[in-house]
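A.B. asks: If you want the building blocks of each chain, they are given just below.
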Amino acid sequence: AQSVTQLDSQVPVFEEAPVELRCNYSSSVSVYLFWYVQYPNQGLQLLLKYLSGSTLVKGINGFEAEFNKSQTSFHLRKPSVHISDTAEYFCAVKGSFKTIFGAGTRLFVKA
Amino acid sequence: GAVVSQHPSRVICKSGTSVKIECRSLDFQATTMFWYRQFPKKSLMLMATSNEGSKATYEQGVEKDKFLINHASLTLSTLTVTSAHPEDSSFYICSARETGQETQYFGPGTRLLVL
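As given, the protein sequences belong to chains A and B, one line each in that order.
Numbering of the first sequence is given in the working numbering, commencing with residue 1 and proceeding in unit increments.
Numbering of the second sequence is given in the working numbering, commencing with residue 1 and proceeding in unit increments.
FYI, nobody ran anything at the bench for these hints, they're computed from the structure.
In this text, a Cβ means the ideal position worked out from N, Cα and C, and glycines have one as well.
Just to be clear, a hint being listed does not mean it is correct.
As the list claims (entries may be wrong) - Okay, the calculated bits of chain A under chain B, using three or more residues with CB under 8 Å as the criterion:
{"no.": "1", "stretch": "24 to 37"}
{"no.": "2", "stretch": "40 to 54"}
{"no.": "3", "stretch": "95 to 101"}
All chains should be built: construct the whole structure from the sequences, respecting the hints.
C.D. replies: So, in structure tokens, the structure goes:
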């Protein structure tokens, strides 16, 4: 069985500041990891994914994430956020079968 | 690439009527499609997984006779909410996974309001 924990339900941050959204997972098998972003009243958009290879993954909109197997984490980072990054962010883990989504982290960027 | 559409984007219906939502993969073939329900300020709840040409697999607690899923082609899956009630009001999101791939691509969602 797998599980995903997003440690912060809300993250307020000022514009142009760096941000890290935390994601930890548990799984008894190898996993694939994803981050999605959801803007109000829209579906989910893939930000980035880790399938294999380099543990540092770069995605769209300047986001990146690092897969840390020993800490079972896949934290999402951006060095300088914009107002337009305000959205809900979901971490997801896929093991053998299903993709499990975290509860989401609301990133709120303040001017 | 990897675009998924949903139609309609928004629907209002009377209690007791049925509503059909379409999910299409526009530029790839999707052997597997997923239907989710999302409550306000909550994560996605997987309702069912559909594989082209076979019966959908429903998650525990999801009534298969109420939420009918059809995946008749590699680019189209439909969710029909039968005899809708106000408690069925929600945001329904589909996703599609290309054959042999691991990534899911999501549709824009359908807001259902049952009066």
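A.B. asks: If a hint holds in the structure, say so; if it doesn't, say that too.
C.D. replies: Each hint tested on the structure:
1. 24 to 37: holds (count 3)
2. 40 to 54: holds (count 8)
3. 95 to 101: holds (count 3)
Hint violations for this structure: none, all hints satisfied.
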